[in-house]
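Using the hints provided, position chain P relative to the given structure of chain A.
Number of protein chains: 2
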Amino acid sequence: MGTTTRHRILEEAARLFTERGYEATSVQDLAEALGLSKAALYHHFRSKEEVLYEISRQALEGLLEEAKKALAVSDPREALLRFMEGHARFFEENRPFFVTMLQGLQSLSPEKQAPILALRDQYEEALRTLLRRGMEAGVFRQLDVALTGRAILSMLNWMIRWFRPGGPLRAEEVARWYYHLLLRGLEDGDT
Amino acid sequence: MGTTTRHRILEEAARLFTERGYEATSVQDLAEALGLSKAALYHHFRSKEEVLYEISRQALEGLLEEAKKALAVSDPREALLRFMEGHARFFEENRPFFVTMLQGLQSLSPEKQAPILALRDQYEEALRTLLRRGMEAGVFRQLDVALTGRAILSMLNWMIRWFRPGGPLRAEEVARWYYHLLLRGLEDGDT
Numbered sequence: 000m001g002t003t004t005r006h007r008i009l010e011e012a013a014r015l016f017t018e019r020g021y022e023a024t025s026v027q028d029l030a031e032a033l034g035l036s037k038a039a040l041y042h043h044f045r046s047k048e049e050v051l052y053e054i055s056r057q058a059l060e061g062l063l064e065e066a067k068k069a070l071a072v073s074d075p076r077e078a079l080l081r082f083m084e085g086h087a088r089f090f091e092e093n094r095p096f097f098v099t100m101l102q103g104l105q106s107l108s109p110e111k112q113a114p115i116l117a118l119r120d121q122y123e124e125a126l127r128t129l130l131r132r133g134m135e136a137g138v139f140r141q142l143d144v145a146l147t148g149r150a151i152l153s154m155l156n157w158m159i160r161w162f163r164p165g166g167p168l169r170a171e172e173v174a175r176w177y178y179h180l181l182l183r184g185l186e187d188g189d190t
Numbered sequence: 000m001g002t003t004t005r006h007r008i009l010e011e012a013a014r015l016f017t018e019r020g021y022e023a024t025s026v027q028d029l030a031e032a033l034g035l036s037k038a039a040l041y042h043h044f045r046s047k048e049e050v051l052y053e054i055s056r057q058a059l060e061g062l063l064e065e066a067k068k069a070l071a072v073s074d075p076r077e078a079l080l081r082f083m084e085g086h087a088r089f090f091e092e093n094r095p096f097f098v099t100m101l102q103g104l105q106s107l108s109p110e111k112q113a114p115i116l117a118l119r120d121q122y123e124e125a126l127r128t129l130l131r132r133g134m135e136a137g138v139f140r141q142l143d144v145a146l147t148g149r150a151i152l153s154m155l156n157w158m159i160r161w162f163r164p165g166g167p168l169r170a171e172e173v174a175r176w177y178y179h180l181l182l183r184g185l186e187d188g189d190t
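Protein sequences appear in the order of chains A and P.
Taken in order, the first sequence gives residues 0 to 190; the numbers are from numbering that gives the first Met the number 0.
Taken in order, the second sequence gives residues 0 to 190; the numbers are from numbering that gives the first Met the number 0.
Keep in mind the hints are simulated off the structure, nothing from the lab.
Don't take every hint at face value.
No copy labels: a pair is met if it fits in one copy or bridges any two.
[Claimed, not checked] With a Cα cut of at most 25 Å, we get these calculated SDA-like pairs of lysine to any residue:
no.	residue 1	residue 2
1	K68	W176
2	K67	E22
3	K111	G20
4	K37	G184
5	K111	R163
6	K68	A30
7	K47	G20
8	K67	L116
9	K47	Y21
10	K68	R56
Chain A on its own, in the form it takes in the complex (with noise of 0.2 Å):
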């Protein structure tokens, strides 16, 4: 009962965070919300910004965890796929928690964003290693992996901008058509 409560808390704390943002939300908000006394929200987290170092830091484990089965997969055009649904997917089906831990960054303290921080540089790190391993392997051209990882992560994460569940396309196919236009390139290859 206790774990269940604690995820109910994170699960409502993100949504809140997600829509009026982390400032505008006050630990009283969240208590009323989820029908708890403070106390009761005290016992479970010391502090809202406790709640939010919980969220981003599961969003960040779920991540990398989709990094890591991307990893596992030795062709390299198909691993940089994984890696780009495994992010999106993630990013759809755990929106609330995705978009907090990337909005939240600067409302952490720097002894709690240290941390999370690491988490994310790990993250960033498994792309980059992704896209070393295919250059090595001479199936992608020779880029600057700091600049390439940066610019897929762009592409993906502007998402949360203007992604509506719901529409056309599931994230995930979202970003199977963004790997294609990254893997060949605009230009037409015949001129």
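Frame of chain A; chain P shown alone:
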């Protein structure tokens, strides 16, 4: 002088909205930061929303001017490069206006949002026109122009989240790098 004060209000408001957020900035905060009375401020703008509207309008008009320069270039590759560089340069040189425009859209009432959305659509349509021209000329592959345009703007717009002035690269250089990645793609042409 009216024009000067008006512009000074917009500049200070864009700075505050970017730093603290639109909702968290009051007319009182803005008046204090400017050393003006609220009455003096209301002499120039009827409401905080009107200030947000005017910042957003000016940002999009500025971007549209850049887009028109790109549309005037006949070579499709060169035109796309100009568009992307223009977008990034405008962002770097007018960061508070650019960020306020991107982040403030949902804070506008429907009546004020409509003309801003129309300008944004016009801007996105300019990019699609560039892409269509390149496809018709056989320079670019036949691709979904809406998704391609979205991919390009996503990469560029995500710079608001990571790009820091004074870093190793100018925003325009990042845009040029992204252009080259997009044009040729990731895949090694020899495989």
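Comparing the hints with the structure gives:
Taking the shortest Cα distances, K68 and W176 sit within 25 Å of each other inside one copy (20 Å), while across copies they are farther apart (29 Å). In the homo-oligomer, the alpha carbons of K67 and E22 never lie at most 25 Å apart, since the shortest distance is 33 Å inside one protomer and 39 Å across protomers. In this homomeric assembly, K111 and G20 come within 25 Å of each other (Cα to Cα) both inside a single copy, at 18 Å, and across copies, at 23 Å. Taking the shortest alpha-carbon separations for K37 and G184, neither the intra-copy value of 53 Å nor the inter-copy value of 53 Å comes in at or below 25 Å.
For the homomeric pair K111 and R163, the shortest alpha-carbon distance between copies (22 Å) is at most 25 Å, but the shortest distance inside one copy (31 Å) is not. Taking the shortest alpha-carbon separations for K68 and A30, neither the intra-copy value of 37 Å nor the inter-copy value of 54 Å comes in at or below 25 Å. In this homomeric assembly, K47 and G20 come within 25 Å of each other (Cα to Cα) both inside a single copy, at 12 Å, and across copies, at 20 Å. With identical chains, the CA atoms of K67 and L116 are at most 25 Å apart within one copy only, with a shortest distance of 18 Å there and 40 Å across copies.
Taking CA atoms no more than 25 Å apart as the test, K47 paired with Y21 passes in both settings, with 9 Å inside one copy and 22 Å between copies. For the identical chains of this complex, K68 and R56 are intra-copy neighbours only, at 19 Å inside a copy versus 45 Å across copies, given an alpha-carbon limit of 25 Å.
Violated hints, listed in ascending order, are 2, 4 and 6; each of the other numbered hints is respected by the structure.
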